[in-house]
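Peer 1: Sequence:
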Amino acid sequence: MSASHVRSEHPPEAIRLVDETEHVVAVCLEGDLDRTNVAALDAAIERALQPGNDLIVDMSEATFIGSSVL
Numbered sequence: 001m002s003a004s005h006v007r008s009e010h011p012p013e014a015i016r017l018v019d020e021t022e023h024v025v026a027v028c029l030e031g032d033l034d035r036t037n038v039a040a041l042d043a044a045i046e047r048a049l050q051p052g053n054d055l056i057v058d059m060s061e062a063t064f065i066g067s068s069v070l
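Each residue of the sequence shown is one higher than the one before, starting from 1 at the first, in this note's numbering.
Just so you know, these hints were derived from the structure itself, not from any lab. Take the hints with a grain of salt, since some may be wrong.
As the list claims (entries may be wrong) - Now the in silico label distances, taken between C-beta atoms and shown as ranges:
(1) S67 to H23: 29 to 35 angstroms
(2) R16 to L70: 30 to 36 angstroms
(3) E61 to R35: 29 to 35 angstroms
(4) G66 to E22: 15 to 21 angstroms
(5) F64 to H23: 16 to 22 angstroms
(6) D19 to A39: 29 to 35 angstroms
(7) S67 to T21: 16 to 22 angstroms
(8) A43 to F64: 19 to 25 angstroms
(9) S67 to E22: 17 to 23 angstroms
(10) T21 to G66: 27 to 33 angstroms
Where is the CB? At the ideal position from N, CA and C, for every residue including glycine.
Please model the entire structure based on the sequences and the hints provided.
Peer 2: And the structure:
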């Protein structure tokens, strides 16, 4: 089996912004998130929280969230 077919022990992380409505933005977290993701999460939340917007943080697809992320 080649290395490309070996499943990683930790799934890749993803932080996505999703426009739910005109004034509601979701920050969707996927995979493992720890202190290495804090800056990217801060940036995503900052982009989502434009004046007049409400924020949803969707953690339903996260497999691990370290305390530094919270």
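Peer 1: Against this structure, judge whether each hint is valid.
Peer 2: Okay, the hints, checked on the actual structure:
no. : hint                           : verdict
1   : S67 to H23: 29 to 35 angstroms : 31 angstroms, holds
2   : R16 to L70: 30 to 36 angstroms : 19 angstroms, violated
3   : E61 to R35: 29 to 35 angstroms : 20 angstroms, violated
4   : G66 to E22: 15 to 21 angstroms : 33 angstroms, violated
5   : F64 to H23: 16 to 22 angstroms : 31 angstroms, violated
6   : D19 to A39: 29 to 35 angstroms : 23 angstroms, violated
7   : S67 to T21: 16 to 22 angstroms : 31 angstroms, violated
8   : A43 to F64: 19 to 25 angstroms : 20 angstroms, holds
9   : S67 to E22: 17 to 23 angstroms : 34 angstroms, violated
10  : T21 to G66: 27 to 33 angstroms : 30 angstroms, holds
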